[in-house]
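*Asks:* Single-letter residue listing:
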Amino acid sequence: MGMDVRGVVVTERVGQGIEALYRSDGDRLWRAVLMYAGDPEVASDAVAEAFAQALRRGDAVRDPRRWVWRATFRIAAGELKERRRVVVSADEGYEHSELPLQLGMALAKLSPHQRAAVVLHHYVGYPVRDVARIIGSTASAVGVHLYRGRRRLRRLLEEGDG
Amino acid sequence: MADLDRLLRQADRVRTPDLWSDIERREPRQPGPAVVPRVAAAVVALTMAAAGFAVAAVAFLGPERKMAEQRTTTPLDPTVTAAIDIGQFPSEIAAGYGAVWVTVNQADPAERWYVARIDPATTEVTDEIDVTEVHDVAVGAGALWVTGRDRELGPAVFRIDPTSRTVSAIVPLHCGRCHADQIVADDRRVWLTASVDYPESGQVIQIDASSNTVTTRTTLPGDPRDLVLGEGSVWVYSLTHFTEQSVAGGTIYRLDPRTAELVATLLEGRVPPAAGINGPPVLAAGFGALWTSVAPGRPIALGSDRTAIVAIDAATNEISGETVPLGTLFFPFSVEGGGVWFRDGDADAEPVISRIDPTTRTIEDSFGVEGTVLDGVIDPETGTMWLTTYEGPVIRVDLR
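Protein sequence lines, in the order shown, are assigned to chains A and B. Residue numbering for the first sequence follows the working numbering, beginning at 1 and increasing consecutively. Residue numbering for the second sequence follows the working numbering, beginning at 1001 and increasing consecutively.
There's no promise every hint is true.
What the hints assert, rightly or not - Partial chain B-side listing against chain A, Cβ under 10 Å, derived:
#: 1; residue: 1003
#: 2; residue: 1022
#: 3; residue: 1112
#: 4; residue: 1177
#: 5; residue: 1179
#: 6; residue: 1361
#: 7; residue: 1372
What the hints assert, rightly or not - So the derived label-pair ranges between C-beta atoms look like this:
#: 8; chain 1: A; residue 1: 136; chain 2: B; residue 2: 1259; range: 45 to 53 Å
#: 9; chain 1: A; residue 1: 125; chain 2: B; residue 2: 1164; range: 43 to 51 Å
#: 10; chain 1: A; residue 1: 101; chain 2: B; residue 2: 1119; range: 35 to 43 Å
Bear in mind the hints are in silico, worked out from the structure with no lab data behind them. In this text, all values refer to a predicted model and were calculated from it rather than measured experimentally. All residues carry an ideal CB built from backbone N, CA and C; glycine is no exception.
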């Protein structure tokens, strides 16, 4: 048994596995990418593209969950670069992110690496080593991004309270 | 942490689209991460490791042969003799007044910032001095000086009495929402970098140690980070060149400590950016020169084999002598003990600690350290080296 996905024969088992993965991780992944990229279009495109690629690759993907998360963040990073939408300075971007204002403004103050690390570790719950695999970095580098990102967010929260 | 969690959980309120039908119909357009069979990956890894070893051997044997012929320094036998757990995130380190002082951020379960005092004789932590927020520590003018933030006064420098081990004064910086970063001190004055209007400009702020007041502010382009005192000047490293996504390079500014005026702009945009907690050190002053590194191109290609250690002659402001190819980043942290001590490696890689002979420019006495070294100091009173590692222990290294 097989199903045709754009000319590629994917076993039903693999297809069902990828769909099950989408149903379990899709929302969380989409929100994580939204927080990282600040753009729902980028989030939707990256998530859809990664899952579509996973479907096409079928059994070649040994660990679909890890692969999809990694592919999604790489695609999103590439999209951001291509669209020249990476938030460089404070208060730019995130106006149309659909995120609550306080969260969007806070994330906009972080560097892309800090955002990815904070979102994947603190929001999604990935251990530092897995965050490093997803964003193509080292555990120690992710630790640094987390440290600086947390520090900046804490300061912003304090300023907001004041 | 609870506040951070609450902040991030706001994202759960955002409605998500159902993309599955799009996924099923979609024609994939981009290559994702490569799926490499494990055997093939192992072969590639072994090949790369072998090539790396060959390159490393060539790079190492060259200077080693030269060292044997021309060495002017006394050979050392660096040995790690202690690893001291002092808190979750030890960061910056200084030595003086009979102790080693380390900034620590305890992030979990509750936020806490403090300066830990280590007794070098026993390697035990004898005191923890709480400060609202700590960024860097320096010793000089009879005190410890700590950059940080006070809840009421905002960005500030905390003066700590090394005898009573308490905060004896707080110097408000009055620089808005600036971020007070690195700090140095001599016997009369304290200097620090402050990011004021990132990434457009920042300040170097001078404090008079006798009155605990800010006496000068020098505005510099970019985001001033590291600074050192030495060879009659204050040398400042500022991030000045940016790409759309990151920092592309930095510039060195030389200040006259008497007037706090800018007297030279050096290596404009050519110094690789520091990346790491609080910015690792990128400058060292000693042996008649300022020691840093340069890399060609903008943005600078980190890891380029054209990265090189350079010495700027303090008398001429020109690069002097032989440049030393390094290939990785250069983080100098001490000029004690007859050479310029530095760690190399990428910003967050497990490093190698080495010393460069200021006369022959050979790299010598290298040794590896587990963990990510953030900062280092050689205690002039004991001649021992102390290193902080990211989320790891403080390491003592006996050099002889």
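*Asks:* Each of the hints needs a verdict: does it hold here or not?
*Replies:* How the hints compare with the structure:
At its closest, the beta carbon of residue 1003 of chain B sits 5 Å from a beta carbon of chain A; the interface hint therefore holds under the 10 Å criterion. Among the interface hints, the one on residue 1022 of chain B holds; its C-beta lies about 5 Å from the nearest C-beta in chain A, closer than the 10 Å criterion. The closest approach between the C-beta of residue 1112 of chain B and any C-beta of chain A is roughly 12 Å, which is over the 10 Å cut-off, so the hint fails. Interface restraint check for residue 1177 of chain B: the shortest CB-CB distance to chain A comes to about 7 Å, inside 10 Å, so the restraint holds.
For residue 1179 of chain B, the shortest C-beta to C-beta distance to chain A is roughly 8 Å, which falls under 10 Å, so the interface hint holds. A cut of 10 Å between beta carbons decides the hint on residue 1361 of chain B: the least distance to chain A is about 30 Å, and the hint is violated. For residue 1372 of chain B, the suggested interface contact is upheld, since its CB lies about 4 Å from the closest CB of chain A, less than 10 Å. Between residue 136 of chain A and residue 1259 of chain B the beta carbons are some 47 Å apart, a value that agrees with the proposed interval 45 to 53 Å.
Hint check: residue 125 of chain A to residue 1164 of chain B, Cβ distance near 44 Å, so the stated range 43 to 51 Å holds. In this structure the hint that residue 101 of chain A and residue 1119 of chain B lie 35 to 43 Å apart at CB is violated, the actual value being about 50 Å.
Going through the hint list in order, the structure does not satisfy hints 3, 6 and 10.
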